[in-house]
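In order, the protein sequence lines correspond to chains G and R.
If you count by my numbering, then the first sequence holds residues 187 to 536, one letter each, in order.
If you count by my numbering, then the second sequence holds residues 10 to 249, one letter each, in order.
Hint data in this document are derived by calculation from the structure and do not stem from the laboratory.
Computed from a prediction, not measured in an experiment: that's the story for all the values here.
Every residue, glycine too, gets a C-beta built ideally from N, C-alpha and C.
Just to be clear, a hint being listed does not mean it is correct.
[Stated by the list, open to error] Partner residues aside, some chain R positions facing chain G, computed with beta carbon under 10 Å:
| id | residue |
| --- | --- |
| 1 | D23 |
| 2 | F93 |
| 3 | M98 |
| 4 | L104 |
| 5 | V111 |
| 6 | A184 |
| 7 | E189 |
| 8 | K191 |
| 9 | A192 |
| 10 | E239 |
| 11 | L241 |
| 12 | M242 |
| 13 | G243 |
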Amino acid sequence: MTMHLLSGDRPRSVVLTVLLLAILAALALAPFLFPGVRSLETAARICIFIVLVASYDLLLGYTGIVSFAHTMFFGIGAYGVALGLTHMGSTPGAMLAGTLLGALAAAVLALAIGLFSLRVRAIFFAMITLAVASAVAVLVSQFSALTGGEDGLNYKIPRALTPAFRLGEVAGLKITGKVLNYYLVFFVSLALFLLLLRVVNSPFGRVLEAIRENEFRAEAIGYKVVWYRTIATCLSAAVAALAGSLFAIWLRYVGPDTTLSFEIMLDILLMVVIGGMGTMYGAVIGATIFVLAQNYLQALMGVAADATASLPLLPQLFDPDRWLLWLGLLFVLSVYFFPTGIVGRLRAGR
Amino acid sequence: MSDPVLSLRGVCTDIAQYHILQGVDLDVPRGGVTMLLGRNGVGKTTTLRTIIGHWQAREGTITFDGADITRLPVPARARAGIGFVPEDMGIFSDLTVEENMVLAAASGPLDPARRDWLFSVFPPLQTFWRSSAGTLSGGQKQMLSIARAMAEDRTLYLIDEPTKGLAPAIISTMAGALKELKAQGASILLVEQNFAVARALGDTVAIMDDGRIVWTGAMATLAGDAALQERLMGLSMEAH
């Protein structure tokens with residue numbers, strides 16, 4: 187049963203299996219294990235970024251396509267939900283329609299970009315995606331009548347998903363709409379991750395890997411490389427848009443900085459590389475470490491600075507304001523020591 | 010020659026600013042092995058890559074099985090029935106041997122009877138069926154590369170230096186596999202530097218020099234004429 191769910195793709199490392207199970211258990215029981223707004227916020231963000239990073243891994247790790255437009259698709263999904271809920275009312279139907287239309291719009295845009303530019307060399311494709319993503323970000327900022335411009339959009343979600351909604355109490359935890367919202371994010375993220383795992387372990391996924399390794403050889407066997415790449419791009423874009431929709435449902439706000447910024451693109455790249463490209467499970471590890479570091483490193487450094495207050499130099503080094511420096515250092519070291527990512531390293535058994 | 014499976018007429022191919030093929034005229038007969046021989050750098054590999062479509066011919070026509078394929082994309086040529094084994098083997102090292110073979114059967118599932126036949130021709134493939142192709146030895150990789158081309162019935166096989174850098178025992182396995190393929194009536198265009206293998210397998214020969222075919226004829230004729238070998242290729246087959 188478990189192997190069927192994982193599409194036969196075993197973690198192939200005891201340590202990795204334990205890590206994945208621990209992350210799954212922590213996320214599944216997050217409202218019970220880590221009560222508090224911030225911890226639930228972190229857990230939801232981890233779920234969403236696992237899907238977003240896994241969808242990018244389908245492109246980069248499995249197909250060898252470098253795209254800088256992934257946050258654009260994420261943003262399209264987020265704005266799809268925001269616009270649906272703003273203009274059609276805060277109903278589940280509007281939320282679903284916004285989600286589906288966002289995913290469809292992302293897939294269509296990916297198809298257009300793919301057909302026009304996947305024939306060119308990889309570096310040109312990367313540049314084209316960068317240009318399109320920048321153009322869309324500018325459009326969203328300028329089209330303020332529809333998108334709210336730089337301020338973004340605030341909207342209401344169905345009441346059953348808001349903190350005001352109360353359902354009762356389970357194991358000492360008040361089940362509010364926020365908890366339901368979290369479980370919506372968790373289960374949809376889990377389903378999307380398993381779907382991606384199914385895709386990469388299907389014959390289609392094997393062709394993508396073949397294309398990544400030796401494009402010409404795959405063509406010489408008879409596979410239409412451009413089509414396979416385009417389908418992978420569309421699928422990846424649609425899943426990224428669905429992750430964006432979850433983000434919008436969770437946050438009840440969308441804006442260019444939270445869904446379309448290039449910083450998110452860099453974060454996704456780092457998460458894929460740290461976790462391990464072309465592994466899918468790397469997305470789980472990479473996203474978890476990265477989001478935890480983003481949310482808690484600063485607080486941890488504050489504790490370290492206080493603990494070393496009587497010593498020379500160290501309090502300055504551990505000053506919470508320097509958290510980005512340490513985050514950067516951590517990533518440089520992780521890439522240096524784990525060139526194949528954490529999952530690659532664990533699977534190699536070294 | 011009647012009804013060649015492949016014909017090249019006046020094929021010219023440029024790679025960057027270099028004119029590699031300068032009017033290749035070549036007929037590959039249906040059934041049997043045609044050896045494409047010549048010194049290093051005369052355009053043998055470029056000829057094969059132009060036929061499969063990796064390089065586009067600037068001029069000339071390529072006719073395969075009666076159809077003009079000169080402007081067809083690579084996948085269409087493969088699906089038309091041309092199998093290609095490149096010099097660098099081109100195996101997918103991150104995939105298993107099984108996955109490599111399943112992928113090679115692009116038009117449908119890998120036929121179990123054909124798989125078993127390939128196991129009998131290349132026994133290591135069965136041993137390492139579930140192993141990563143990247144962990145195979147050089148000879149085993151070459152076996153996989155050729156077996157992949159043989160995963161489906163092809164009308165024509167283009168094979169580029171299958172014995173290059175291999176141990177004598179593996180060369181013998183390779184030669185045996187190609188003989189089996191030939192016995193099944195396949196048409197093979199083979200680039201080979203090992204003249205013992207070339208002589209053992211070849212039915213007809215085309216010799217290239219400076220991007221053109223300079224001599225065609227029966228292998229027996231070439232093998233029996235040391236002066237001709239010396240004149241066309243600058244060496245004698247007897248010495249190899």
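Taking the hints in turn, this is what the structure says about them:
1. D23: violated, 18 Å
2. F93: holds, 5 Å
3. M98: At 9 Å from the nearest chain G Cβ, M98 of chain R passes the 10 Å test, so the hint holds.
4. L104: This hint holds: L104 of chain R lies near chain G, its Cβ roughly 6 Å from the closest one there, short of 10 Å.
5. V111: holds, 7 Å
6. A184: violated, 23 Å
7. E189: violated, 21 Å
8. K191: violated, 21 Å
9. A192: violated, 24 Å
10. E239: Cβ of E239 of chain R sits 36 Å from chain G, so the hint is violated.
11. L241: The hint is violated - L241 of chain R has no Cβ within 10 Å of chain G, the shortest such distance being about 30 Å.
12. M242: At about 28 Å, which exceeds the 10 Å cut-off, the nearest Cβ of chain G leaves the hint on M242 of chain R violated.
13. G243: violated, 31 Å
Consistency note: the structure conflicts with the earlier hints numbered 1, 6, 7, 8, 9, 10, 11, 12 and 13.
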